[in-house]
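Asks: Chains as they are written, first to last, in the UniProt record's numbering: chain A, 1 to 279; chain B, 1 to 195.
These are calculated hints, taken from the structure and not from any lab test. Hints are not guaranteed to be accurate.
[To be verified] Here are the simulated lysine-lysine pairs, PhoX-like style, with alpha carbons at most 20 Å apart:
(1) K81(B) with K147(B)
(2) K191(A) with K81(B)
(3) K74(B) with K191(A)
(4) K115(A) with K81(B)
(5) K155(A) with K225(A)
(6) K70(B) with K191(A)
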Amino acid sequence: MAMSSILLMRKGLLINGLRRLWTCRVLLTDQPENDQQQSSQEHSKESDEEYEKNIKMKILAASLKYVHNFGWSQQAISAGAESIEYPGIIHGLFPNRGADLVHYFYLTCNKELNKILEEQALVVEQSPTKKKKTLELQVRDAVETRLRMVIPYKKTWPQALALMALPPNVPLSLANLLTLVDDICYYAGDKSVDINWYTRRIVLAGIYKTTELYMLQDNSEDHQKTWHFLERRIKDATQIHTILTTTSDMALPDLNYATEAACAAFVTARNILGLNWNR
Amino acid sequence: MLHLRQLGVRLMSTSTASGTTRSGKLLDSVIRVDHAGELGADRIYAGQMAVLGKTSVGPTIQHMWDQEKKHRAKFEELIRKYRVRPTVLTPVWNVAGFVLGAGTALMGEKAAMACTVAVETVITEHYNDQLRALMESDEKVDEEVLKTIKKFRDEEQEHHDTGIEHGAEQAPFYRALTNVIKCGCKTAISISKIV
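The following block holds chain B by itself, in its conformation from the complex:
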């Protein structure tokens, strides 16, 4: 196994040089997981809008949703550009996102906001980790990807703050709820990195 891993490392270093339209391994996984994440986020807001669309927080959620749609479109574009394989689990994230969004929204707007806060916390952290990893690696990474991730991270942070402003912390079982959602998000991220 050790031998195989060494082989893998060696091959990885040669792959970027020989492929013309192909991306490196790290970038490959970064784009795949980010696309999966934005897809999930898009669906979460879709779920929230289905329940809370006509209430007072409707416009706020709509605004965040629109931003997430842009994020998703951007990563879809990157997938095509870098010939990245999308994750196999797109249908799963599609449904899971909607259920999470609609489920928390049914518990009230504050719970919905708590869900937003939890998800965005994880995503911001995740983007920061990615930026660090991409900068540290010796793979050649386009400026475009880094800029995109930075911009999206800032917007996700804004969503997080919006959630707090709308009283996310007063949601029932705030602690438990956010921890469960955070845990779920982290699992989803680590799965999407590989599959």
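Bound-form chain A, shown alone:
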């Protein structure tokens, strides 16, 4: 009994913990596209759910306008709902209040970035003669584009960051961040299939987050200092990467003698012990 409950718990942990972070992009695709319209004639359970979700999306989209006044809060959602003629009390649909709004914003920005990157990739594909951007530049531009989406909400963004860091919201915001960096890496043409896959994404996530924090304090015109900061961080990362790869690529001393000696020793030992079967 105890064993089975432990197993069950382990399974639950694995499913809800690990998968959530990386394999579970499904969590994020939960949200349907805004323009998806659902005919209200259908009465099956599934369509009811979709219908409800569409209304939620509409309300959240309308609420973004009120974030400047009310912050990422229940009031903003209420005001947004009223602006498109739903009762303000409908905020009850959003049990996580402000966090739902932040999540929605994050998700739409990610989608937009995805669209932009996809278009860029298409352009590059269609005109192979044009000089391609270097990898660092590509990553830098992608991060900059994404951060620029946050600028209109800069004043209230610290509140959003705080909301996302609350323990119940951490899995979702981590999944959001990881999907973001995964998209950037994918469109930048990351081809790694080993542990580098993880290190690159984690490093990029770190760069993104630190630059985001830097941006909040930055008062320079057009946030020039932030973009310089971002360039420096990317340069650091590539520098570390080159150091690590050159050391591992360095020619190793000739190992042939060592292997031969080890082999000979092993065979001799085996013969002494009489373990040379069927030879």
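Once you've looked at the hints, dock chain B against the given chain A.
Replies: Leaving out everything else, chain B in the frame of chain A:
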């Protein structure tokens, strides 16, 4: 928890429709575990070659190794194509594979062959299970993936037969050895499916 699982199932059904460059959950895990497996196999043969490369079975092992390298390259290509997350444990399988290959090879060629037989048995079974699961599921799976798995399964079966021909069954402690290796392979497979 039940609620969460239901949610998961529901989300899974919507995910394939909404993602354009993304793969379904089952395919995701299939490609990840197969890549891990081929990586391990590649390293096992590398280990065997390091010890037995200059003996009479050298060319046979080299031939099998070359095939495994092709398998690995193919799955690396699939990982990129379907945007699958590779397993976190690649460095572990890398080392473990080499140690297993070199370790059994040090016990003699027959033990090395026994190791090949054990590993290939598990892998063939595993590929068969996967084919069944992929055909049964309602996820849309490319013909390419199925063909690849089928072809690789046949080649792994060949390696298994080669191992038997080279006297794997006369290896010391054949039963115990193969069972231990089989058990290890199965554990590795179930871990790689998730992590």
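Asks: Tell me, in ascending order, the numbers of any earlier hints that this structure violates.
Replies: No hint contradicted; all consistent.
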